[in-house]
Structure formats: C-alpha cells, structure tokens
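Q: Below, each chain spelled out in residue letters.
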Amino acid sequence: MGYLSRLGVGAALWGLFAIACEPIEQPVSGAILLTSEWQTVTPPEPLRVGKKEQQKFCLTVGTMRDLEVERGVALDDGTDQRHKIEGEAVDSAGTRYPLELAEAGGDHVCLYRAGEPVAGPNFPSDRTIATLRLRSEPPLQVAAIRWHSYDQH
Amino acid sequence: MTITVSDLRPADIIVSTTNATVSTVIRAGSGSSVSHSMLYVGGSHVIEAVEQGVVRRPLSQAFEGAVLAIALRRRNLTEKQRADVLEHANEFALKRLPYDVIGAAGSGTSIGRGALLAGIGCLVSLEVCAIGALGVGDNAKPENADKAFFCSELVARCFELAGAPIVAEKPSFTSPRMIRTAMTLLWIGKLIDTPSFAQTAINTANEMGAGIRGVGGP
Numbered sequence: 656m657g658y659l660s661r662l663g664v665g666a667a668l669w670g671l672f673a674i675a676c677e678p679i680e681q682p683v684s685g686a687i688l689l690t691s692e693w694q695t696v697t698p699p700e701p702l703r704v705g706k707k708e709q710q711k712f713c714l715t716v717g718t719m720r721d722l723e724v725e726r727g728v729a730l731d732d733g734t735d736q737r738h739k740i741e742g743e744a745v746d747s748a749g750t751r752y753p754l755e756l757a758e759a760g761g762d763h764v765c766l767y768r769a770g771e772p773v774a775g776p777n778f779p780s781d782r783t784i785a786t787l788r789l790r791s792e793p794p795l796q797v798a799a800i801r802w803h804s805y806d807q808h
Numbered sequence: 009m010t011i012t013v014s015d016l017r018p019a020d021i022i023v024s025t026t027n028a029t030v031s032t033v034i035r036a037g038s039g040s041s042v043s044h045s046m047l048y049v050g051g052s053h054v055i056e057a058v059e060q061g062v063v064r065r066p067l068s069q070a071f072e073g074a075v076l077a078i079a080l081r082r083r084n085l086t087e088k089q090r091a092d093v094l095e096h097a098n099e100f101a102l103k104r105l106p107y108d109v110i111g112a113a114g115s116g117t118s119i120g121r122g123a124l125l126a127g128i129g130c131l132v133s134l135e136v137c138a139i140g141a142l143g144v145g146d147n148a149k150p151e152n153a154d155k156a157f158f159c160s161e162l163v164a165r166c167f168e169l170a171g172a173p174i175v176a177e178k179p180s181f182t183s184p185r186m187i188r189t190a191m192t193l194l195w196i197g198k199l200i201d202t203p204s205f206a207q208t209a210i211n212t213a214n215e216m217g218a219g220i221r222g223v224g225g226p
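Residue numbers (this note's numbering), protein chains in the order written: chain P, 656 to 808; chain S, 9 to 226.
Check before you lean on any hint, since a few could be wrong.
Label-pair restraints from in silico Cβ distances [stated by the list, open to error]:
(1) P/R788 / S/E99: 27 to 37 Å
(2) S/A176 / P/S691: 46 to 56 Å
(3) P/A686 / S/N84: 45 to 55 Å
(4) P/R703 / S/V33: 19 to 29 Å
(5) P/K739 / S/V33: 18 to 28 Å
(6) S/T202 / P/Q681: 41 to 51 Å
(7) P/R788 / S/R83: 21 to 31 Å
Using 35 Å as the maximum straight-line C-alpha spacing, the simulated DSBU-like pairs for lysine-lysine come out as follows [claimed, not checked]:
(8) S/K155 / S/K88
(9) S/K198 / P/K706
(10) S/K198 / S/K155
(11) S/K88 / S/K103
(12) S/K198 / S/K103
(13) S/K155 / S/K103
(14) S/K178 / S/K198
(15) S/K178 / S/K88
(16) S/K103 / P/K706
(17) S/K155 / S/K178
(18) P/K739 / S/K103
(19) S/K155 / P/K739
(20) S/K178 / S/K103
(21) S/K88 / P/K739
(22) S/K198 / S/K88
(23) P/K706 / S/K155
To be clear about the criterion: a stretch of chain P counts as covered by chain S if any three or more of its residues have a C-beta under 8 Å from a C-beta of chain S, and this derived list gives those stretches [unchecked claim]:
(24) 682-688
(25) 703-713
(26) 745-752
(27) 797-806
If you are wondering where the hints come from, they were derived from the structure by calculation, not from laboratory data.
Think of the CB as a built atom: it goes at the ideal place given N, C-alpha and C, for glycine as much as any other residue.
Between the sequences and the hints, there should be enough to build the whole structure, so can you do that?
A: Written out as structure tokens, the structure is:
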C-alpha cells in the first residue's frame with residue numbers, strides 16, 4: 656500500500672474516532688449576575704443532548720478558596736460567604752429538570768441533573784434544552800456559562 | 009469481592025472504565041481492563057483529571073457510565089503521606105489546570121505495548137505518529153510536570169510529591185494500566201463490576217500475569 660493510501664486510511668480512522676468521541680460543547684451565556692430571583696437564560700442555540708452519557712452546565716465563577724460546593728460556592732474574595740446556587744433546565748417539550756451543584760475545579764463549578772445519574776443520557780436525547788433557570792443567594796457574578804454533553808473515559 | 013464506598017479511605021485510588029468508544033480505544037491501546045483513574049478524597053468525593061481539567065466531584069457523577077471500578081490502596085502509606093497526597097490533589101484542583109490531551113496520547117509509550125503501538129501508528133499514519141511524538145516530547149519535559157494533567161498522571165504525581173511513588177515511571181508516562189498493575193498498591197475490591205463487560209475477565213487475567221497482587225484480589 657502506498658504512503659498516500661496509508662495516510663488516507665489513518666486519517667479516516669482518526670476521523671471516525673474523533674466523531675465518535677467528540678463532546679458537544681455549546682455556549683449558554685456570557686457574563687451574568689445571579690441574584691436571589693430566578694433568571695431565565697436562553698442559549699443562542701438550543702442545547703443538544705445527543706447520545707452522550709453525561710451532561711452538565713459549567714459556570715465560570717473565578718478563583719475559589721475551597722471546592723466543597725455541596726456547601727455552596729466559596730470564592731477567594733476575602734469574605735466567608737458561600738453562594739448557594741439553584742438551577743433548573745427546561746427542555747424543548749417544556750419538561751423541567753432540577754439541577755444541583757456537583758463539581759468544582761479551577762475557576763468553574765458545574766451543575767448536573769439532580770438525583771442519581773441514570774443509564775444513558777440524563778436528559779431525553781431526542782429533545783434539546785431550551786432554557787436554563789438560575790438563582791444564587793447571596794448574588795454571584797458569573798463570567799460565562801457553557802453546556803457540555805460527553806462520554807466519560 | 010464487591011465493596012462499597014464505606015470501605016474506602018481518603019487517598020485510595022480508583023481505576024475504572026466505561027463502554028464508551030473513547031474508553032474502548034484507550035483499553036485497546038493500553039491492553040488493559042481500565043481506562044481511567046481517580047483519587048478518592050473522602051466524603052464520597054473524588055478528585056480527577058477530566059476534559060474540563062482537574063476537578064472535585066461526587067463518586068456518583070464520576071462513576072456515571074462506569075462498567076468496572078476497582079479500588080486500590082498504597083501500601084505502607086503514613087498518615088503524613090496520606091495528608092500530603094490529599095493536599096496536593098486539592099491544590100491542583102484549585103488551580104486552573106487544563107486536561108493534558110497531548111500528554112495522554114504519549115502516556116505509556118515509553119514501555120512495551122505502548123511503544124509497539126506508537127511504532128505501528130507511525131507506519132500507518134503521519135497524523136497518529138505526529139500526535140504520539142508530540143505526546144512523548146511533551147511528557148519528557150520536566151518543566152511540564154504540573155502545568156496540565158491527564159487522569160493517571162495526576163494520581164501518580166500526587167503520590168510522588170508525597171514521597172510515596174506508586175510506579176517507577178515518571179507520572180507523565182503513567183497509564184491507568186500501570187496503576188492497575190502497580191506492585192505498590194493493595195487490591196481493596198471492586199466498587200462496580202458489570203457482568204456483561206466480558207472483556208474484563210480476559211484483560212484482568214492478562215494483568216494478573218503482569219503481576220498484580222493483593223488482599224481479596226479478583
């Protein structure tokens with residue numbers, strides 16, 4: 656087999672692997688101030704679930720002093736406040752899904768669908784997520800929100 | 009032996025895999041039954057290197073989609089070393105450290121099957137060869153040690169910094185398979201073992217041949 660043929664086979668295999676493993680990542684919102692009032696965020700495009708195993712909304716919040724987000728987000732801002740974030744996703748059929756804060760690392764925290772994870776996608780894969788509802792007590796400035804739908808390795 | 013989270017101690021290591029394509033490719037490439045590793049930090053939480061970087065999250069989320077999860081414990085770990093492992097993991101998670109994609113591609117290439125696969129990759133495709141070469145080059149640089157992590161690199165590095173290394177390889181060349189078969193680790197038990205995961209038995213048998221030993225082994 657010539658080198659060009661091998662190159663083609665390699666590129667095709669790599670492409671198939673990349674397509675199969677490619678996570679879905681979409682912007683949800685830019686900077687937003689979360690307050691104690693519920694706010695509805697509508698992403699620029701509906702959020703795709705696909706057939707991926709895990710989904711989460713990740714909020715860029717800045718440097719944290721600890722990662723125990725189950726007690727609230729603790730920013731490294733000289734205060735001892737803990738921001739309690741509540742969230743809810745609403746799909747294209749209008750079904751609401753409570754979210755819970757369950758991940759922290761670097762400058763971000765992530766909200767997952769509340770409750771024990773289910774087998775397969777945590778939202779119906781034939782629907783999209785149309786809106787995200789959020790609130791925080793005390794108020795919290797968020798730099799950006801992104802949606803991730805992906806398979807874990 | 010199946011165990012529960014209550015059997016875990018902080019600084020235990022968990023290796024796992026899923027049925028997703030990415031896991032299958034990693035397992036095939038490394039010849040292992042596992043494709044991921046994470047560090048248990050107590051309170052049903054783990055710290056792990058995932059695509060969004062080094063994060064802390066509940067075991068329930070970390071295990072989503074997992075078909076096999078095995079708990080391992082560093083032999084002869086002192087309480088000081090245990091505390092140091094946890095402190096380093098927490099420190100890395102608090103920093104904004106990205107996932108080491110290139111490094112992950114180069115992990116395991118310094119030994120046996122990894123080197124063989126890298127060689128085949130170079131014969132098959134320039135792209136695969138280039139990615140592998142970048143990975144090896146990237147992992148070999150000492151200055152890259154704590155700038156980005158892939159899963160098993162993070163675990164190995166935390167133990168190395170605590171003065172209780174788990175493998176002879178540098179953390180940046182450590183694969184989940186190397187952790188799974190490390191002689192420095194004691195087998196605690198399986199947290200998840202899906203019977204339909206047929207390949208597990210074959211690969212576990214292979215790994216037993218590679219030398220894993222422990223109390224209550226598979």
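Q: Next, verify each hint and record whether it holds.
A: Verification of the hints:
no. : hint                        : result
1   : P/R788 / S/E99: 27 to 37 Å  : holds (34 Å)
2   : S/A176 / P/S691: 46 to 56 Å : holds (54 Å)
3   : P/A686 / S/N84: 45 to 55 Å  : holds (50 Å)
4   : P/R703 / S/V33: 19 to 29 Å  : holds (23 Å)
5   : P/K739 / S/V33: 18 to 28 Å  : violated (40 Å)
6   : S/T202 / P/Q681: 41 to 51 Å : violated (31 Å)
7   : P/R788 / S/R83: 21 to 31 Å  : violated (49 Å)
8   : S/K155 / S/K88              : holds (25 Å)
9   : S/K198 / P/K706             : holds (27 Å)
10  : S/K198 / S/K155             : holds (32 Å)
11  : S/K88 / S/K103              : holds (23 Å)
12  : S/K198 / S/K103             : holds (31 Å)
13  : S/K155 / S/K103             : holds (10 Å)
14  : S/K178 / S/K198             : holds (27 Å)
15  : S/K178 / S/K88              : holds (22 Å)
16  : S/K103 / P/K706             : holds (31 Å)
17  : S/K155 / S/K178             : holds (15 Å)
18  : P/K739 / S/K103             : holds (22 Å)
19  : S/K155 / P/K739             : holds (31 Å)
20  : S/K178 / S/K103             : holds (22 Å)
21  : S/K88 / P/K739              : holds (33 Å)
22  : S/K198 / S/K88              : holds (27 Å)
23  : P/K706 / S/K155             : holds (32 Å)
24  : 682-688                     : violated (count 0)
25  : 703-713                     : holds (count 3)
26  : 745-752                     : violated (count 0)
27  : 797-806                     : holds (count 3)
When held up to the earlier numbered hints, the structure conflicts with 5, 6, 7, 24 and 26 and fits the remainder.
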